[in-house]
Amino acid sequence: MADTPCIYLDYNATAPLWPEAAHTLSRAAAEAWANPSSTHRPGQQARAALEEARGALARWLSIERAQLTFTSGGSEGNNTLLGWLAWEPRPVHLVISAVEHPSVLRVAEWLESRGVEVSRLPVNPQGQVMADRLEELLRPHTRLVSVMTANSETGVIQPLGALGALLARLNQDRPPQQRVWFHTDAVQAAGRIPLDWKGWGVDAATLTAHKMGGPKGIGLLWAAREYPFHPLVRGGGQERGRRSGTEPAYLAAAFATAAEQTARHQTEFTQRWREWRDALARELAQEPGFFLVGELSERLPNTLNGGFEGVPSDLLAIRLDLAGVAVSTGSACQSGAAHASHVLEAMGLPEARREAAIRISLGHGTTWEHCQQAAEIIRREAAFLRG
Amino acid sequence: MNPPHGMDFRLYLDNAATTPLLPEVLAESRRWLETDGGNPSSLHAYGAPPREALGEARREIARLAGAPPQGVVFTSGGTESVNLALRGVFALPRPKANRLLISALEHPAVAQTAAALARQGVQVETLPATPEGVVDLEALAPRLGPDLRMVSVMAVNNELGTRQPLEAIGRMLRNAAPKAVFHVDAVQAFAKVDIPWREAGVGLLSVSAHKVHGAKGAGALIRFQPIELEPQLTGGGQEGGLRSGTENPFAIAAFAAAARRTQAVLAAQADERAQYHQRWLDFLEGFPRLQVFRSGAALPYIVSVSLPGVPAEVILHHLEQQGLIVSTGSACSSAKPQPSPALLAAGFTPQRALSTVRLSFSLHNRLADLDDCFQRWKLAMEKLVKL
Numbered sequence: 001m002a003d004t005p006c007i008y009l010d011y012n013a014t015a016p017l018w019p020e021a022a023h024t025l026s027r028a029a030a031e032a033w034a035n036p037s038s039t040h041r042p043g044q045q046a047r048a049a050l051e052e053a054r055g056a057l058a059r060w061l062s063i064e065r066a067q068l069t070f071t072s073g074g075s076e077g078n079n080t081l082l083g084w085l086a087w088e089p090r091p092v093h094l095v096i097s098a099v100e101h102p103s104v105l106r107v108a109e110w111l112e113s114r115g116v117e118v119s120r121l122p123v124n125p126q127g128q129v130m131a132d133r134l135e136e137l138l139r140p141h142t143r144l145v146s147v148m149t150a151n152s153e154t155g156v157i158q159p160l161g162a163l164g165a166l167l168a169r170l171n172q173d174r175p176p177q178q179r180v181w182f183h184t185d186a187v188q189a190a191g192r193i194p195l196d197w198k199g200w201g202v203d204a205a206t207l208t209a210h211k212m213g214g215p216k217g218i219g220l221l222w223a224a225r226e227y228p229f230h231p232l233v234r235g236g237g238q239e240r241g242r243r244s245g246t247e248p249a250y251l252a253a254a255f256a257t258a259a260e261q262t263a264r265h266q267t268e269f270t271q272r273w274r275e276w277r278d279a280l281a282r283e284l285a286q287e288p289g290f291f292l293v294g295e296l297s298e299r300l301p302n303t304l305n306g307g308f309e310g311v312p313s314d315l316l317a318i319r320l321d322l323a324g325v326a327v328s329t330g331s332a333c334q335s336g337a338a339h340a341s342h343v344l345e346a347m348g349l350p351e352a353r354r355e356a357a358i359r360i361s362l363g364h365g366t367t368w369e370h371c372q373q374a375a376e377i378i379r380r381e382a383a384f385l386r387g
Numbered sequence: 001m002n003p004p005h006g007m008d009f010r011l012y013l014d015n016a017a018t019t020p021l022l023p024e025v026l027a028e029s030r031r032w033l034e035t036d037g038g039n040p041s042s043l044h045a046y047g048a049p050p051r052e053a054l055g056e057a058r059r060e061i062a063r064l065a066g067a068p069p070q071g072v073v074f075t076s077g078g079t080e081s082v083n084l085a086l087r088g089v090f091a092l093p094r095p096k097a098n099r100l101l102i103s104a105l106e107h108p109a110v111a112q113t114a115a116a117l118a119r120q121g122v123q124v125e126t127l128p129a130t131p132e133g134v135v136d137l138e139a140l141a142p143r144l145g146p147d148l149r150m151v152s153v154m155a156v157n158n159e160l161g162t163r164q165p166l167e168a169i170g171r172m173l174r175n176a177a178p179k180a181v182f183h184v185d186a187v188q189a190f191a192k193v194d195i196p197w198r199e200a201g202v203g204l205l206s207v208s209a210h211k212v213h214g215a216k217g218a219g220a221l222i223r224f225q226p227i228e229l230e231p232q233l234t235g236g237g238q239e240g241g242l243r244s245g246t247e248n249p250f251a252i253a254a255f256a257a258a259a260r261r262t263q264a265v266l267a268a269q270a271d272e273r274a275q276y277h278q279r280w281l282d283f284l285e286g287f288p289r290l291q292v293f294r295s296g297a298a299l300p301y302i303v304s305v306s307l308p309g310v311p312a313e314v315i316l317h318h319l320e321q322q323g324l325i326v327s328t329g330s331a332c333s334s335a336k337p338q339p340s341p342a343l344l345a346a347g348f349t350p351q352r353a354l355s356t357v358r359l360s361f362s363l364h365n366r367l368a369d370l371d372d373c374f375q376r377w378k379l380a381m382e383k384l385v386k387l
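Quick mapping for you: the protein sequence lines, in order, are chains A and B.
1 is the number of the first residue of the first sequence in the working numbering; add one for each residue after it.
1 is the number of the first residue of the second sequence in the working numbering; add one for each residue after it.
Honestly, I wouldn't trust all of these hints.
Derived DEER-like restraints, expressed as beta-carbon distance ranges [unchecked claim]:
no., chain 1, residue 1, chain 2, residue 2, range
1, A, F384, B, G55, 29 to 37 angstroms
2, B, D194, A, E52, 36 to 44 angstroms
3, A, W368, B, T35, 17 to 25 angstroms
Rough simulated footprint, nothing fancy, chain B against chain A, three-plus residues with beta-carbon under 8 angstroms [to be verified]:
no., region
4, 7 to 14
5, 20 to 34
6, 211 to 222
7, 226 to 238
8, 242 to 248
9, 264 to 275
Simulated from the structure, these hints should not be mistaken for lab results.
All C-beta atoms in this analysis are idealised placements derived from N, C-alpha and C, irrespective of residue type, glycine included.
Hey, can you work out the whole structure from these sequences and the hints?
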């Protein structure tokens, strides 16, 4: 076993830090170590680093920097951008998709327990949110629609443009106080596809750094000027009162570098990942019982969800792990527990496939050799498990 | 302990705002950013090392606090911890116990969160302070009763450096309001002051990494008793379901390493710390125009000094020109020249509060550096008294 390979194909759980981002982080930890709220020179250096990062991220996202708030990560962003509904006068109605990340699903459940009405937009068997069903779900007191940009498990890209256009049309006939706001959890899409929030008609969005090769512990939320959220963390009034707590300037700086790297390589990576992923799929398809999930949908170029009928995904993932290939059986965020995937269930996948599906996700450190080797190992282990 | 930071930490006297990351802690913890940057929730081989790092850090923080490891909930920092403590308790309503007592000396993290809870119907009362800069125990006694849900008093005030009578408060609670939760904001005390939290009856303790030479972006809420809390960040269910979001193993491991080291170094420096502090007080009292805050409850980490008639910003600027870095109060609520509520509570006039600067010390500030500091102070004073 001396030459067990180390092939990491779980970028949708977390991506390794870009070396350039690691470099920025070290430099900023030394130069921008002070408290950005301090008025003395070291404090102002930290402030400058923080604002430089905010500016770079805002340019990358084509949004106004003043509308960008640093958070501790994606879960906090989603909790903040949905949680405000709890304080709105009833009746209040929220629409989410059935395939959201747990940080949206759990907030929605919590809101339900507080008397907020919640509807779940279904997905088709290809994992796409059924945009044409939105209109019938809307109520006069619908305040928010939240649909992720791309699904973390299947990589399926959601039709945000269609949803946004529909909402824009409907909002024209609504008085401003009855406006339906549109939020997207873009955590998984960031760094994999270009984000065009304004073009899609989105009003607020959530991002995290660590899925795109930035550090853990930092994310951002974007909220258009009038988006009516309440701060979730209160105190010293940092981030224009939207998020209290001393900002980690060094993490923000490294986040910005990861975004720069991502932007620089976007075209090249998109092409490369799609090519390699599809080659991997073709290779795996040589094994009997192979299936792909959502393959007819537009998907993130780095994500492959599929399996071999009759080969349980948990056993396959364990054997792959021992053989040096890291993949996942659903969202790693679910705190270790091997849950049945709510995403695959919402797509109406038969049980035989739900129990067999694994997620393979590529990233900036993936090589063609990794993909070739992984294909060989996955085929071998699947064949072994099928007996 | 000079550059790489370009900052001489012997002259940095704003350690209550933030402390520089210890280089050895950075060196030790880097692996969680670089080679071992997996998601701690991942089931494959890349998840195990960061998961173990979290467990090790949890045990270390628990050991330093004298709490059970399962009582440690990692957060993004002190402010988030405080928010979780206060909101987490009051989100589970008890109609017959809806009262929150805080001290007038609290940090905005507590004061602003309490204000938000008050708008949501919680009955919030503020305990006055004495001119010694400690919470007035005589005002506490008549406010105890079965309708009291929580008392929140900081361990050490961040502007005056005064240690609060936690043991006495704990005793009074035990006798007259045994069901009330005792929350302590220990951001300025943890790993610096030896306080027997558990014995004092503390139920919830909020702590932060960057005040003890750790990295920004980590903190913890420590539970000494099985106090029920509603999570404020929901999602993947990390941290025992109390705080969702991918943990930041780098900042958390650095927190534990920094807290351990800071605690050990400060304990070894105990005599020196007392002398260092005393010499500052004696030196400053040699200037007839300076008003030095004196209190029997003062700990040797903070000196509060006023130059009546001169705005604190001007004092700060003149000291900075001589290379001494101090602050004008709590960094978190900076950029607004309002007199500090905590200073007013300790009996400062608004004019004096606006002319007060804070010197705060860390393990980098040594007796051998005092003459240099004093020399610089004198030069600044010569210019200041001419104003």
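Hints versus structure:
{"no.": "1", "hint": "A/F384 to B/G55: 29 to 37 angstroms", "result": "holds (33 angstroms)"}
{"no.": "2", "hint": "B/D194 to A/E52: 36 to 44 angstroms", "result": "holds (41 angstroms)"}
{"no.": "3", "hint": "A/W368 to B/T35: 17 to 25 angstroms", "result": "holds (23 angstroms)"}
{"no.": "4", "hint": "7 to 14", "result": "holds (count 4)"}
{"no.": "5", "hint": "20 to 34", "result": "holds (count 8)"}
{"no.": "6", "hint": "211 to 222", "result": "holds (count 4)"}
{"no.": "7", "hint": "226 to 238", "result": "holds (count 7)"}
{"no.": "8", "hint": "242 to 248", "result": "holds (count 5)"}
{"no.": "9", "hint": "264 to 275", "result": "violated (count 0)"}
Hint 9 from the list above is the single one not met by this structure.
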